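Go ahead and model the full structure; you've got the sequences and the hints to work with.
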Amino acid sequence: MGIADRIVNQDAVALSPTVGWLLLGCATITALLFILQGDRFRRLWMRTEDPRSLGLFRIFFAIFVLCNINGLWEHFTYLFTDEGIFFSDTARQLLASKQFAGFGDGRGGEAFGFQGWPAVVEFLKGPKYSLLFFWDSPTAFWIHLTVFEVVTILFALGYRTRVMGVLSFLLMNSIMVRNPLFWEGTDLVYRVFFFLLLFSRCGHAYSLDNWLRCRKARKEGRLSEQGGPGGGAGLAPCPEHPKGLAAVYRRIPAWPRLMMILQLATIYTYTGSAKTGAVWLKGDTLYYALNMDHFYRLPPQFISGLFGTNAFRAMTWTVHIWQCGFSLVVVGLIIRWALKEKFAPLGGWRLWAVRAAWVLLGIGALSIALVAYPVHYRATPGSLSLGATQGIFAAAWVAGMALIAWGYRRLRDRPFRVHTFGRERTLDLQWFASWFLGRRVWLTLGIMFHVHLLVLMNIGMFAPIMLLTYMVYLSGPELATMLRAVGRRLASAGVPWIPADVAAGAPRLPTEDPTLPHLHHDSAKLPGWALTAGLALIVGAVILQAKGLPGGLTLSLSALGGLALVAVVQARRSRSDAAPDADALARPKAYGPLGRFVFTGLVIFHVTAVVVWCLPAKDCLSTFRKEAHKPFRAWLTTTQTNQGWNMFAPNPPRSNVFLKILVTDQDGAVYDLNTDVYAPEQKPIPWVWNDRMRKMNRRVSGGESGKGGWYQKWVARYHCREWSRTHGGQPPEKVELVKVWYRIPSPEQVRDRGWYIAEQLLAEKGHERKIHTVTCATDPEAQLPDSIRARYDLPPLAEGAEKPWIKHRLKRWEKRHELAAKTAKRAAAKKAAAAKKAAKRD
Amino acid sequence: MFTAITTLTPTAVASSGLIAGARWVDLAAFAALAVVWLIIGSIVFALAKIIRSQATSPGKWGEGPGL
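Listed in order, the protein sequences are those of chains P and Z.
Residue 239 in this note's numbering is what sits at position 195 of the first sequence, and the numbering runs on without skipping anything.
Residue 329 in this note's numbering is what sits at position 41 of the second sequence, and the numbering runs on without skipping anything.
Calculated from the structure, these hints are not laboratory results.
These figures come from a predicted structure and were not determined experimentally.
Do not take every clue at face value.
Computed cross-link-like contacts, BS3-like style, restricted to lysine-lysine with a CA-CA straight-line distance of at most 27 Å [as the list claims (entries may be wrong)]: (1) K384(P) to K337(Z); (2) K851(P) to K169(P); (3) K739(P) to K751(P); (4) K727(P) to K757(P); (5) K337(Z) to K851(P); (6) K884(P) to K869(P); (7) K662(P) to K326(P); (8) K866(P) to K881(P); (9) K386(P) to K348(Z).
This is the structure we're talking about:
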């Protein structure tokens, strides 16, 4: 409803093309910045690193994946089987109609199954791949689930890690895409991180794979161990060990972890920026979030009366600012990494080009804000005029740019020295990046936020997974050092099974020696001119596309082909490289030349895709946003990484909304199924275990995001069938869905007039509205079919009692193909005629 | 609309005072909040120890600043 009623701001739409060109300009400058500092960019992304961070992450992640899916256990049948809300073919039609366009359901005279190879190809195009679209009886589902659980446990244990990871990812999504009714932000977090984790070699640490490898190498005398040659870090071939010794912890490509770091920053920056509503500005979000009856573990009304207008506001504002600024932690990480790398300073034209690019980028961003602001400006009595507001903003922005430029160089080259507590302290770039852009600040704030959520509110596996993702911000050695410290303390507290070297406080094992000869030390790289030419072609392709001219695809493919060709040439040349110098030896690359080309390309493509996908759905971007999505849609939807993070945005809900389901049986008696927390049995206090029915009820009743209304008839039809199944095959007369709600009092009201008891407020001030009614005898698919009746030894339906939904999918499919064939025939005839005419003329 | 709240809630601040009117379950939220802050306090304490340790023995923590 919200969408249908939304008034389009035509002024904003008129600005959209200008905003689009400015955004393209900023993107081009950003790409140029990377090209100008190509060596730094390559070193950052194509590094190797210790595997322990992602090894430990893998274990917890796999366990959490299991918990997330298993948390749906009460609703497995309802969500994922043909005895649930959707029959098999209904799911195919409603959730993946394009993929199943050539799949007959065996009804209405149509054959069952795919109608030839084109239909299979249509399915394979994706993006929704679920075995449960084909086999979804309860038995089939349980087999599917069992395989998923076994595979995921093996992934956690690190046995055949890569294969098990891929299988677990596919099977998890196979379950999830069978029914999106239960989806919430939590599931999206699992999907996007799982996809990135698949690219990592997370099985190189804390895994059965690594343990088995080390055991084998030890037996063969080829393992470098602590205290022995190489000290556990491996040893190059030498007379004593002609084949060399293998390290315990081999180096792995660092980019998947960096991608996860960026992914987390994307989540917070997106959600923080989307929270533009008045409730966030006023600071009342925590109050409303805590007072949602679907969420709280313990009644928060009393405590809200005390803190709602003071502490909760301070906490809301802190969270909002923290989310908006979270990306600064990535900036801090990269600055500190760059300082450690001790890059040679840029000089000559390159230095000035980089400076110019930064200035242009800043001015470009400012221009976007200035161009788009007028349609967001609302004049109020006493407020600044539009021009004055823009002027002040622009001045502050430019001053901010100047301050950053000056501050960066000052802190780097001439740090401040201050005397505090009798000591001289150096306030340099390292200090600034550690304290103002450091993990110690931004991750600690995040931990504080999520621990509040975890303890006070029950939103399932959201807080645990968000906290877990913080682990990717720690390097392998950092994590190993912490684990050792914890292990030592546990051992001294008498906990058994702690390894002897950990208990004795021995230092952690080192990461693989970077100078080992089997690592990649070649110097191949794409030259700057090739990258610049490639960028020019891609930008040209975008411009052609935006202008509606042909040739965009050709330019894009030329860029890709040309760069690939140069990469191959460079790879061949690097074979005759001289022996690497000490610097190159200390910094092995993640892959060989072609591997680096492929994975750098993948990184750039995926990051661009996510950035473009996350462009806000605003009128001032409306003329190009959908078009911009097109090149990335297939990739993002197929990999399940299409994302949006509008959590509690732009405002949190301010009403408690429930779904009541009433069943009227054949005798006219009405039964309330007590499906939501308005019923005492659905509201255990303290609320410990999550139940997704609450989320589903909010979606179905339209209490959230306004997009779930289409589920209503299917939920009602399910209850017609389910009642039949549990009442000897006898269907009810009708099923009614009722939306129940009450407004949450404002924080001021609770402060001034006293706190409230939710159940009493609902009873006194609640509203009810019938939102959907289904007559079980006549509505399509509201009758329990004979195939399911047979499973429960129920009497079959009377002749003609079943009202199937005849979709005529194949008819449309054949028509489409006939049309396509006719069009092709016509085009061929036209072409032949033109050729004949031309020949005649000649 | 919300004048009703005062009449509804026997525990209204004005009439009966905070603690006297609250049920145990309402006070439990304080305990939960206290647990949160205990957890946060211990995290901050551990973090301070780590930061001090990193400052005094940087080699022990590895070569990189998280990357």
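Checked hints:
| no. | hint | in the structure |
| --- | --- | --- |
| 1 | K384(P) to K337(Z) | 23 Å, holds |
| 2 | K851(P) to K169(P) | 22 Å, holds |
| 3 | K739(P) to K751(P) | 13 Å, holds |
| 4 | K727(P) to K757(P) | 26 Å, holds |
| 5 | K337(Z) to K851(P) | 66 Å, violated |
| 6 | K884(P) to K869(P) | 22 Å, holds |
| 7 | K662(P) to K326(P) | 23 Å, holds |
| 8 | K866(P) to K881(P) | 22 Å, holds |
| 9 | K386(P) to K348(Z) | 20 Å, holds |
Hint compliance for this structure: hint 5 alone is broken.
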